[in-house]
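Asker: Listed below are the residues making up each chain.
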Amino acid sequence: MDNYQASRMREASRGRGLIPPCQVACPLHMEIGEYVDLVAQGKVMEALQVIRDGNPFPSICAYVCTHPCEDACRRSQVDKPIAIRALKRFAVEFGGDRMIQLEAETKQSEKVAVVGSGPAGLACAYYLRKLGYPVTIFEAYSELGGMLRVGIPQYRLPREVVDTEVQRLIHMGVEIKANTRVISLDLLFDMGYKAVFITVGAHQSLRMGIEGEESPGVIDGATFLREVNLGLKPSLGEEVAVVGGGNVAMDAARAAVRLGVSKVNILYRRSRAEMPAGPDEITQATEEGVETMFLVAPTKMKRENGRLSVTCVRMELGEPDAGGRRRPVPIEDSEFNMEFDTLITAIGQAPQISENFRLRIGRGSTIQVDPVTLTTNRTGVFAGGDAVTGPATVTQALASGRQAAFRIDDYLRHRYPLVDREAEGTLSGELLPKTIEMIRKIERLEPPLLPPEARTKEFKAVELIYNWEAAVDEARRCLRCGMGAEILFQDKCATCLTCLRVCPYHVPYLDEAGTIQIPADQCQACGICVTECPARAIVLRKPSDRRQIDEELEHALKSAAESKSKPLIIGFCCQYGLFGTGALASLWREGKAGIWIVPVLCVAKLEGEHILRAFEMGAEGVFIAGCGEQCSRENTAFWVLQRVEKVRQALVQIGLEAERLQTFNLRAAEENIAQALDTFTEQIGGLCLASVIKQEVKS
Amino acid sequence: MIVAEQKPVEEIRRVIAPYERVLLLGCGTCVTVCGAGGEREVSFLNSALRVAQARSGDGIHSFSEYTVKRQCDFEFLDVLADKVNEVDAILSLGCGIGVQVVAERFPDIPVLPGVNTSFMGMAKEWGVWDERCAACGDCRLAETAGICPITRCTKGILNGPCAGTKNGKCEANKDMDCAWILIYKRLERLQQLEKMRRYYPPRNFRVIPRPRRIVKKIDVDLGEDNG
Amino acid sequence: MANSLFEEKLNSDVFLVTTEIGPPKGADVSEMVHHMDLLKDKVDAINVTDHQSSVMRFPSLGGCLLVKERGGEPILQITCRDRNRLAIQADLLLAYSRDIKNVLCLTGDSIDVGDHKEAKPVFDLDSVQLLRMAREMESGKDMGGNELRGVPQFCLGASVHPEADFIEPQLIKFEKKVIAGAQFFQTQGIFDLENLRRFMQYASQFNVKILAGIIVLASARMARYMNDNVPGIIVSQAIIDELANVEKGKGLQKGVEIAARLMKTIREENLCHGVHIMAVGNERIVPDILEAAQPVSTHR
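Protein chains in written order, with our numbering: chain A, 223 to 921; chain B, 800 to 1026; chain C, 50 to 349.
Hints are computed from structural coordinates only; laboratory data are not their basis. Keep in mind that a hint or two might mislead.
Said to hold, decoys possible - Computed cross-link-like contacts, BS3-like style, restricted to lysine-lysine with a CA-CA straight-line distance of at most 27 Å:
{"id": "1", "chain 1": "C", "residue 1": "K166", "chain 2": "B", "residue 2": "K968"}
{"id": "2", "chain 1": "A", "residue 1": "K656", "chain 2": "B", "residue 2": "K923"}
{"id": "3", "chain 1": "A", "residue 1": "K714", "chain 2": "B", "residue 2": "K882"}
{"id": "4", "chain 1": "B", "residue 1": "K923", "chain 2": "A", "residue 2": "K868"}
{"id": "5", "chain 1": "B", "residue 1": "K923", "chain 2": "A", "residue 2": "K714"}
{"id": "6", "chain 1": "B", "residue 1": "K868", "chain 2": "B", "residue 2": "K1015"}
{"id": "7", "chain 1": "B", "residue 1": "K973", "chain 2": "C", "residue 2": "K169"}
{"id": "8", "chain 1": "A", "residue 1": "K868", "chain 2": "B", "residue 2": "K868"}
{"id": "9", "chain 1": "B", "residue 1": "K868", "chain 2": "A", "residue 2": "K714"}
{"id": "10", "chain 1": "C", "residue 1": "K91", "chain 2": "C", "residue 2": "K117"}
{"id": "11", "chain 1": "B", "residue 1": "K984", "chain 2": "B", "residue 2": "K968"}
{"id": "12", "chain 1": "B", "residue 1": "K968", "chain 2": "C", "residue 2": "K169"}
{"id": "13", "chain 1": "C", "residue 1": "K166", "chain 2": "B", "residue 2": "K973"}
Because the structure is a prediction, the values reported are computed rather than measured.
Use the sequences and the hints to build the structure in full.
Answerer: Here you go:
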C-alpha cells in the first residue's frame, strides 16, 4: 500500500470512526460510508467531493467498477448490499462532476513518461501532475483510454466519459502523444525522462489451441471489441458463438447482438456458478437474448460450406484447480457438432511486452515488480496495471496507477520507500442474529435500466440514473458500519442498563465483569442510547457527528438573531428526510418568515437541552420534523416523543405553553407539511400576542 | 437502589430564588440510574432554568453544573472545595443522603434539595420503578417467599390478606398486586404453605427509631501487655 | 360462664341476628340514638362501626357507651388502622370497665379509600395479632409482659370474606383467627348463597359461630359503586340486574326484599348461625327486613 492510501486509512480511523468493510475492500480505499451518508443527506456536491478525494476518475468507476465494496457490504447479511456503484453514479451526475475543472502547476523538473493510456496510466499521470511533475503519456493507438476505450463497449462506458477525463488531464498540463508506440525504454531516458511507468495492459488474446483456430470466421475477443469500439462494424453473419465466461465474453456477445446478429451463443466450459463475469452482466445478456451453453467446450473447427463447423464436447466438473475452481473434465464420447457463421474467442488475455524493454517477465507474460514499490528490474522503470497483474478490474488499475505515482515521487525525491502498515481500526464482524432480526428489511432499489428491446438496437448506455428519492432511499439502507456509539467515559457509566434496555437492536450487553460493552460491529448508529444515557457516558464515534447538532443550532441561532424576523421559530429537521421528499427543501432555502431550520442527522439524536436552548435564545416556537415510522432506524419516533413530552412538562412549569413545541412527520402522506407549518406559525403568533397582552394587563 | 424523582421546576425556582450563583450538583450513582439527578438531568435542569430566566426577564441567576461520582461520601466532595467559594448556594440533585452529606461538608453555604427521594426499589422495565424495601431493619423475607409484606402490602400486615383484595389487586390501588395473594401463590409453588399458616406476632418497631445507626467498627483493647 | 348477654346467646342454639349502626360525622348523636332505640329490642346485638371505609366519624367506643345507656347490647369494633398497641390496649380496658365486652377485631380499611388521604396509617397490629393480644390481656398481662390490675374478659369476634374471588388465602386467615381466639365471625356481604354453603362446609369444622353479613342495597348504581370502591364487597351480577329492573323510587324496597329473602333462606336451611344486617345509612328499614323475614328469632 502506498503512503497516500495508508494515510487515508489512518485518518479515517482517527477522525471518523472505524473503517468499514466496504472501504477495506475497495482497491482505492475510498470513503464509501462517508459519501453514501452524504447522498442520504441529499448533499450530492459534498458526496462528490469525498468521491473525488479518493478517486481520480469517479465517472468511469461509476459506470464500470466491479464493486468489490458491494460484495463486502454487511447489509447483505440482512437483505441485499447497498447499490454503491449506482449511488456513486448518481453523485457524479447530480453533483456536477462534468463541470469540475482541474488545474495543476509544475513544481518539479523531473519529467516522467507513462507508457500506455489505460486507467493505470491515466491515474498515474493525474497524481504525478498534481504532485507537480511534467508528465507525458505515450499511447500506441490513436484513441486514449486503453481497455476503457478499446475493450469496454460503449453501452457500458460511453466514449464521452473517457474523453472528458482525458481532456481534464490535458487541461492539467499532461502531455499526450498518441499514435506513438514506444519501442525502447533507453530512448525515453535519452529523451530526458527520469522515470518511466510501463502500463501497456493485457490486450493479447489467449489461444484455445485447437484445430482450426486459424480458419476464417474465427476472431479473438479483444480484437473484435477493439474494432467495434473504433467504429468498424465487422460482419458476423446470422449465428455467432462466443467461447469464454468472463466480462470480455459477455461484452463480445452483447456487442454482437447490437450488430444485428440474430442468434448469439456463449459456450462456457464450466457451470454458471463458476462464471467470472459479473452477475449483472450475465442477467442483462440473457435479457438481450444471448443464450449460454454450460459445460461445453469446442475441440476442433473447420470451415465448411461458408460456415464454421464446430465440434464440441460436454464437460463435467472434477477436482478444484489451484485457483479453487473445479476443473472441467471432458465426458467421453459426448462430442456433438454445431454450425456458426463466426466464432469469437474470449478465454483470457495476456500482456505483450517487447523484448527491447529488457524487463523481467513472469507467469502469464506479466511484468515482474516489487509489490511495494512497483519497481522492475531496471532502475527508474516502474510497472503496473494489467501488464503486471494480468487482466484485472478498472479500479484495481486506478489503484495501481496511484500507487505508482507516489512511489515514483519517492524515487525522484530520494525518499526511502516506507511500507505503511494497514491502518488500525478496521471493522468486519458478522452481525448477530438478534440484531439482524430487528433491522427492517428493505428491498434494494436497483438503478433503472433501458428495457431489453431498446438496448439491443444500439450502443447507448444501458444503465440509467436514480432519481433523487430513489437515491436517498437506497443510501439510507446503509448500516453505517463503524460510525456507531461507544462508551467513551467508562468512569461515568453507572451501569444503569438504560442503553441495554432502549437499544432497538439488542447491541449493548453485560460482559462477565458486569461492564457494559457496545460492540462497534453490531451498533446501527441510531443514536438512541447516546441521548438516553443518564450519565452522558456514551458518544458517537465520529467526532463530527458528536458536534453536528450543537454547531448547526448555534449557526441557526446566530443567523436568526441577525435577521430579527418575528416570531422566531426553530425547526429541527431530519436531513435524511429533508431532501428525500423535498418537502421542506423550499422552506430551507427561503428561510420563510422567521422559521430557521436546523438540519440534524436523524431527530433521535436531538437532546432535550437542544430544544430548551432554542427557547432560551428567543425562539417562540420549536418544531421537530422527522421521518416517523419511515426512519431508517427502529423505534426512533417513540424516543423523540418521550423527549418532547419531557420538555413540554418543563415548559409548562416554566410558564410556557406546551403547544409551543410540536412534532411533524415529514413522511406522512396525509400531512401537508407546508400547511401544518403555516398553522403552527399562526398558533405561535397567537400565543405571543396573548403573552404580550397578559404582560400589559399585569402592569 | 434508591429511587428519587426530580422536584417540579417551579418548586426549584422558588427555592433558589434568593441566590444569585447556584451550583447544580448531580450524583453519578443511584439518581443517575433512576434518571432523576445524573449528569444529563443536571444539564437539562440547567437549560430549563435558563429558559425560565430568559423568558421572565429578571435574570439574576448564573448557573454552573458539576456531577460527582457519589454525594454520600465526603471524599468524593473534596473536588468541590474551590467551586463552593464561587457560588451562593448548591442545588443538589442527589438523594436525601447526598444533600445532607454535602451540607455537612460545606456548612457555610446553603444546600438545597432538587429531588424528592422516594424509596428503595427496582426497575421493572425501562422507565418504571417499583418500591421493594422499606429498610425495616427486621427482614422476614424468608417467611414470605421473598415478597416483602411491609412494602408491597399497603397496610404492611404480617398475617394477610385483608378482606379488601379483589382480582388479586389491592383495595387502595387497583394497579398494584395484593402482596398476600402473591405470597400465597409463591409459597404454594415452593410447597411451603405452612409458613402462611403460622401466627406472626406484631413487628418490633424498635429498630425504626430515627436516626438509626449501624456500627461495624469493633472496640479492641490495645493493652500494653498484649501484642 | 358467659361474659356478656351476647356471648350467652352465642353459646346457645338460637338463630342470631345482629345489625350495625354507623356513627355521625360530627358531635350530634341524636339520629344515632334514635336508631339505637329503634333496634335495641329487635336484635341480639348492635355493632357500632369504627371509621368505616376510613371516613372520620364519631368513635365506636362512644357509640357503644350510648347503646349501653339506652339498654341495648353493643359490639365494639376496633381497627388497627388508627391506633398503636398502647392505645388499643387502653381502649379495651376502658370498654371492659364500662361493661362493653363484645369486641369485633378488624385490620381496618386502608387510608386511601377514605376522606383523610394524607393521614398516617398506623397498622401497628393486624386483626390476628389484635385477637391474640386481647386473649393475652385476659390472662392478666399486657403486651409488654406486665401484670394488669383488673383483668378484662371479652367475647371476641372477627370478620371473614366467603365471597372472595380467591378463597384459599382467606380460609388460611380464617383459621389463624380461630386459633388466635375468635369466637364468632360476621362475614362480608353475602349475595350468592352458594358461596356461603361452600364456605360453611369448611368452617363448620371449627367451634365458632358464623353470622352471614347481609347488605341492604338501594339501587343498582349503589351496588356498582360499592363493587368498585368499597373493600370487601362483591355484588353478584344477578342482584344488580334485579335492582336495575325496578321502577324509580322502588329501589330500596327491592333491596329490602332481597335482604329479607336471603335472611329467610339462611334461616330456613340452617346455612349458618345467624345474620348480621348492614343497612349502610338506611338503619330505619331494618325492622322491615326483620318483619319480612318472619319467622325470625327476636329478642328474647
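Asker: Now tell me, hint by hint, if it's right for this structure.
Answerer: Against the structure, the hints come out as follows:
no. : hint                : result
1   : C:K166 with B:K968  : 19 Å, holds
2   : A:K656 with B:K923  : 22 Å, holds
3   : A:K714 with B:K882  : 20 Å, holds
4   : B:K923 with A:K868  : 21 Å, holds
5   : B:K923 with A:K714  : 23 Å, holds
6   : B:K868 with B:K1015 : 24 Å, holds
7   : B:K973 with C:K169  : 20 Å, holds
8   : A:K868 with B:K868  : 25 Å, holds
9   : B:K868 with A:K714  : 7 Å, holds
10  : C:K91 with C:K117   : 15 Å, holds
11  : B:K984 with B:K968  : 13 Å, holds
12  : B:K968 with C:K169  : 22 Å, holds
13  : C:K166 with B:K973  : 16 Å, holds
Checked against the numbered hints listed earlier, the structure breaks none of them; every hint is satisfied.
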